[in-house]
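Could you slot chains B and C onto chain A? The hints should help.
Take a look at the letters that make up each chain.
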Amino acid sequence: MTDRLRVDWTRCRARGLCLELLPELLTADDWGYPLSRSGETEPSVPRWLSAHAERAVVECPRLALRISPDPGEPGAGRP
Amino acid sequence: MTDALWYFGRGTGVTVLVLFSLVVVLGIVTRSGQPLPGLPRFAVAALHRTVSLAALAFLTLHVLTLLLDPYAQLRLEDVVLPFRAAYRPAWQGLGTVALDLVVLLVASSLLRQRIGVRAWRWLHWAAYLCWPAAVAHAIGTGTDRHSGWLLTVVVACAGAVGAAGIWRLVGRSFEPDIPVARVPPPTGLAGLW
Amino acid sequence: MTELRTPTQRLLAAAASSYGRHVQLLGPLPDVSGERVRQLVQDSGLTGRGGAGFPTSRKLAAVAGRRRAVVVANGAEGEPASSKDRVLLLRAPHLVLDGVAVAVRATGATEAFLYAPDDLADRLQDVIRQRADPVGVTLIRADSSFIAGQETAAVAAAEGRPAVPRSVPPMPFVSGVRGRPTLVNNVETLAQLGLIIRYGPDWFRAIGTADEPGSRLLTVSGAVFRPGVYEAPTGDTLAAALRLAGGAAGSVQALLVGGYHGAWVPWLPDTAGLPLTRSALAPYDAAPGAGILVALPRRRCGLLATAEIVAYLAGQNAGQCGPCRNGLPTLAGQLWELATGWPTTGLVREISRVAGLVDGRGACAHPTGTVRLVRSCLRVFSADVELHRAGRCAAGRGTR
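Chains as they are written, first to last, in numbering that gives the first Met the number 0: chain A, 0 to 78; chain B, 0 to 192; chain C, 0 to 399.
Hints are computed from structural coordinates only; laboratory data are not their basis.
Glycine included, C-beta positions come from ideal geometry on N, C-alpha and C.
Keep in mind that the hints are not guaranteed to be accurate.
[Stated by the list, open to error] One side of the interface only, derived from the structure: several residues of chain C facing chain A at Cβ under 10 angstroms: (1) R160; (2) P168; (3) F224; (4) A239; (5) A317; (6) Q319; (7) C323; (8) N325; (9) G326; (10) R352; (11) D358; (12) A362.
[As the list claims (entries may be wrong)] Rough simulated footprint, nothing fancy, chain B against chain A, three-plus residues with beta-carbon under 8 angstroms: (13) 2-16; (14) 35-46.
[As the list claims (entries may be wrong)] Sample of chain C residues with no beta-carbon within 10 angstroms of chain A, all distances over it, derived: (15) G234; (16) G246; (17) W335; (18) G345; (19) L356; (20) R374.
Chain A extracted, bound-state conformation:
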């Protein structure tokens, strides 16, 4: 199952630390808020970026980020 990075939009204030820590996955939208580069609203976090993504979650000053698995995926059941 893939892990996805999710934003709590009611908490995010575009402080931008996540953009610095996860530039591979995130870029700034027109107003400074984190925008997924992949075109999905909630980008999947590949294993090689797990540690960086977890750091972004911990460092967010607003605790607006979270990583959780994607339950409803086709082919979920692969390790």
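For chains B and C alone, coordinates are given in the frame of chain A:
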């Protein structure tokens, strides 16, 4: 030997004051959401944390040294309970208050994910009680309270924190939302149909 | 128990001005176990009437297994183009409250709320006083904002907080009002429940489609002779819906289906015959939603109508989420320019780009719904964009 302890106690104390002043300045910059030259925002935050842990290390040395120094007459309970020490209780007590608040600040920050942003922020305001208490303690407890070099250090620390505070209050908002142009209000949707 | 006279007028025929009249008309509420209620609801295939169309039995099951549940009857109806909840609360409030009692029984709830518009509050308080439900219903006054009727906003209102949406997870059925498992149902859904418990699933399924059986309340407005709230079997055509409202008043160019978070459906001979179902309307990215239909006449400019709606929606954002708070006013400004200014290809591209930035990026469906409307406007009124570019307008009006 006891002289050495006393000098080491004072030396570590001054170091703690300087380091915590730096922590406050870095904390103000962190909160502002601005990066520093060569330091992205996450690095400013990380530096703030690292320096605070260094300050905590020196604080531990400072307290241990003075516990061992007979001239300081510091008991273990004076480390956590303020204003009851034998030597300059009022000024000493402020140091204890500052230490208690440091423990609170560090513990709450380590538990930030558990307690949530609101509770954490509320507790972190204690930094603005902690630092003045530390400054007052430094001025009042030290035997060189009238010595030029200590006063210079204190003034420099206070100046740095003051300057950071003014920069923060006067500078632009840290929330980088670009204000959006006003939209003509709807003319009354009933009139649409 | 009396049989309702007109097979398709179910909710609207249950109008009763007092509790006595209500019981006289429909009979008392049967005493049925929670498990039996859930079975009846599952067999009936009832889906939510608040817009999302979620199977009600699944919602009941999600809450029923948990302790100290709460039921919230959502009659806030923030959508300006919808009046069905208001009409239902005015005409058949006891049927709605019967539904609440049934939902309470089905979920083992220990607390119940009725969330209703402020101006109906005094009247509804009297209605509640006439009853002796085992779990008393607390009235919560709803403001008139668009967002007030959103599910988590309703939960917040029941807690006495400002009615703004919250981030999910946790879903309300896990943690809602004061952290308790909460069932939020539209008042029409609950009213249907009040009828199902009396007449049974087979009766309920006798009209409407197999996927979404029963009747549904429609709010039909715009260029029709008798705008108002009507009741029809699910799956009735768009044309039949307009006929209920007296037929089109003048030449209609498109229908807004599903309200301000819905989509435009061009009014053509083959679309008029489309049933009001999810599958039939899917090619237009439209859905029955909460049964809202607005007929846009040819004399009105579709671009301007959309711009007006989006300006309203932009002003109605809760101010919590950056992409919505910034993106919706931006879109509103762009659509205004499209409708009243110069619609260059660059502008249309920009609208699409900003819509993409806003879609799905918020705590609730407000930005997504607004983007749906904007995108459907660009598709359905693309000819108007061309006309405006040539300095003309299909409606023959507009600030050109």
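Hints, verified against the model:
1. R160: violated, 13 angstroms
2. P168: holds, 8 angstroms
3. F224: Hint violated; C/F224 Cβ to chain A Cβ min 43 angstroms, cut 10 angstroms.
4. A239: Violated, about 36 angstroms.
5. A317: holds, 9 angstroms
6. Q319: holds, 4 angstroms
7. C323: For C/C323, the interface hint holds, since the closest Cβ of chain A sits about 8 angstroms away, which is under 10 angstroms.
8. N325: With a closest approach of 4 angstroms, the C/N325 hint holds.
9. G326: Hint holds; C/G326 Cβ to chain A Cβ min 8 angstroms, cut 10 angstroms.
10. R352: holds, 9 angstroms
11. D358: holds, 8 angstroms
12. A362: The hint holds - C/A362 has a Cβ within 10 angstroms of chain A, the shortest such distance being about 5 angstroms.
13. 2-16: holds (count 6)
14. 35-46: With 0 residues closer than 8 angstroms to chain B, the stretch 35-46 of chain A misses the three-residue bar; violated.
15. G234: holds, 28 angstroms
16. G246: Label holds. Min Cβ-Cβ 42 angstroms, cutoff 10 angstroms.
17. W335: Check passes; 18 angstroms lies beyond 10 angstroms.
18. G345: holds, 16 angstroms
19. L356: Violated, since 5 angstroms does not exceed 10 angstroms.
20. R374: Its Cβ never comes within 10 angstroms of chain A, the nearest being 16 angstroms, so this holds.
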